[in-house]
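Engineer: Sequence:
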Amino acid sequence: MKKGKESKILFVLSFLLLAGCADDDCCFFDGTFIVPSDFLTIQEAVDFALPGETVLVQAGVYSPTTNGEFFPIFMKDGVNIEGEDPENTILDSQGGNYLLDLFNYDRGVILNLTLRGGNSFLGGAIYAESSSGILSNLYLIGNRAEEAGSAIYAVNSDGLTMNNLVVSGNASSISGSQIPAQVEADDSDLIFVNNVVADGDSDGVRINFGSAGVYENNIFYNNGFADFGVGLADTDEVTAARIQYNICFNNAEADFFLNGADQSAEQANDLPTDGLIFANFNAAPLFSDPFANLFTLQPGSPALNAGNPDPAFNNPDGSRNDIGAFGGPFAEPP
Numbered sequence: 043m044k045k046g047k048e049s050k051i052l053f054v055l056s057f058l059l060l061a062g063c064a065d066d067d068c069c070f071f072d073g074t075f076i077v078p079s080d081f082l083t084i085q086e087a088v089d090f091a092l093p094g095e096t097v098l099v100q101a102g103v104y105s106p107t108t109n110g111e112f113f114p115i116f117m118k119d120g121v122n123i124e125g126e127d128p129e130n131t132i133l134d135s136q137g138g139n140y141l142l143d144l145f146n147y148d149r150g151v152i153l154n155l156t157l158r159g160g161n162s163f164l165g166g167a168i169y170a171e172s173s174s175g176i177l178s179n180l181y182l183i184g185n186r187a188e189e190a191g192s193a194i195y196a197v198n199s200d201g202l203t204m205n206n207l208v209v210s211g212n213a214s215s216i217s218g219s220q221i222p223a224q225v226e227a228d229d230s231d232l233i234f235v236n237n238v239v240a241d242g243d244s245d246g247v248r249i250n251f252g253s254a255g256v257y258e259n260n261i262f263y264n265n266g267f268a269d270f271g272v273g274l275a276d277t278d279e280v281t282a283a284r285i286q287y288n289i290c291f292n293n294a295e296a297d298f299f300l301n302g303a304d305q306s307a308e309q310a311n312d313l314p315t316d317g318l319i320f321a322n323f324n325a326a327p328l329f330s331d332p333f334a335n336l337f338t339l340q341p342g343s344p345a346l347n348a349g350n351p352d353p354a355f356n357n358p359d360g361s362r363n364d365i366g367a368f369g370g371p372f373a374e375p376p
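For the sequence shown, the positions run 43 to 376 when my numbering is used.
I should point out that these hints are in silico values taken from the structure, not numbers from a laboratory. By construction, the Cβ of each residue, glycine as well, lies at the ideal position given by its N, Cα and C atoms. Take these hints with a grain of salt, some might be off.
Lysine to aspartate or glutamate pairs mimicking EDC-like chemistry, simulated, CA-CA at most 16 Å apart [unchecked claim]:
#1 Lys118 - Asp143
#2 Lys118 - Glu171
#3 Lys118 - Glu86
Distance ranges between label pairs, derived from CB positions [unchecked claim]:
#4 Asp331 - Val103: 24 to 34 Å
#5 Gly73 - Gly138: 28 to 38 Å
#6 Pro344 - Gln136: 21 to 31 Å
#7 Asn198 - Pro341: 39 to 49 Å
#8 Phe251 - Gln136: 46 to 56 Å
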């Protein structure tokens with residue numbers, strides 16, 4: 043990867059650790075509103091907040107029957123949502139609709155939430171269009187889409203960043219020739235780093251229709267059913283995505299299905315220098331306990347310290363980057 047692109051990735055992801063932004067009139071986490079103390083519903087707080095302000099959501103379940111929260115929540119550009127912690131701050135649509143609508147959402151951060159019970163045609167939990175905000179430390183579990191993106195559907199969303207997500211157990215319907223996935227990108231250059239995508243009934247991640255982006259240090263595990271579904275797939279129109287240092291293992295049909303062809307990590311290593319993937323991993327990774335959703339690596343895993351050799355991408359302890367979701371400076375192991 044060229045230095046310029048690596049620097050861009052680090053710069054974008056650094057927003058996860060900063061409390062500010064470059065615009066003089068915009069500073070993330072400046073003003074705060076607490077749900078349910080200041081506002082009963084998250085949507086009321088978002089509607090009231092100004093760009094650069096943050097809606098803090100206390101631990102609890104927010105749903106139509108608990109606090110009158112109706113979905114989707116329509117986000118406002120520059121307004122942030124921060125949950126108290128991702129395991130116990132739960133947005134539950136109860137099967138009624140998708141949960142978050144991101145349209146022209148470019149300067150905001152959404153973090154520390156569980157999104158469950160969503161149901162939609164496109165994007166069971168999150169629908170993003172023309173957006174480049176940041177999604178971080180989210181659990182997207184048990185959502186459904188009829189067509190594509192059972193957890194997340196992104197369209198025309200270059201630079202939309204997804205970091206430290208757990209995407210698991212989301213379901214799609216198969217309609218005609220459409221091949222669904224838990225996370226789907228159409229004409230969207232996503233920055234997709236340090237995520238776990240597991241236990242879906244179709245593809246884990248699918249990149250479509252001219253999308254490029256960066257897909258680094260992720261785990262794609264146990265996606266699909268019977269002989270259908272792969273860990274990560276793209277179409278033959280995709281030519282510039284960077285897909286590297288991922289673990290793809292135990293998916294139903296294949297681990298990687300790239301440029302319209304089933305490719306193992308070894309085959310992918312032989313692609314030309316402008317090809318799509320290298321230094322990925324689909325051997326037994328020695329997860330701690332995948333049946334309990336513990337995807338950290340056991341001592342002796344061949345994926346330990348085998349990732350990006352650039353010191354800028356070292357693990358938090360200073361050691362070389364691990365392949366998979368818990369490698370690199372922005373990884374947050376449980």
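Engineer: Determine for every hint whether it applies to the structure shown.
Structural biologist: Now the hints, each set against the structure:
1. For the suggested pair Lys118 and Asp143, the alpha carbons sit about 9 Å apart, so the restraint of at most 16 Å is met.
2. Taking the CA atoms of Lys118 and Glu171, the gap is about 13 Å. The hint holds against a cut of 16 Å.
3. Taken as a hint, the Lys118 and Glu86 pair is honoured in the structure, with Cα atoms around 11 Å apart against an allowance of 16 Å.
4. At roughly 27 Å, the beta-carbon separation of Asp331 and Val103 lies within the given 24 to 34 Å, and the hint holds.
5. In this structure the hint that Gly73 and Gly138 lie 28 to 38 Å apart at CB holds, the actual value being about 31 Å.
6. About 43 Å separates the C-beta atoms of Pro344 and Gln136, a value inconsistent with the hinted range of 21 to 31 Å.
7. For the pair Asn198 and Pro341, the supplied restraint of 39 to 49 Å holds, since their beta-carbon distance comes to about 44 Å.
8. Distance hint check for Phe251 and Gln136: the Cβ-Cβ separation is about 32 Å, which falls outside the suggested range of 46 to 56 Å.
Figure legend: structure checked against the earlier numbered hints; hints not met, in rising order: 6, 8.
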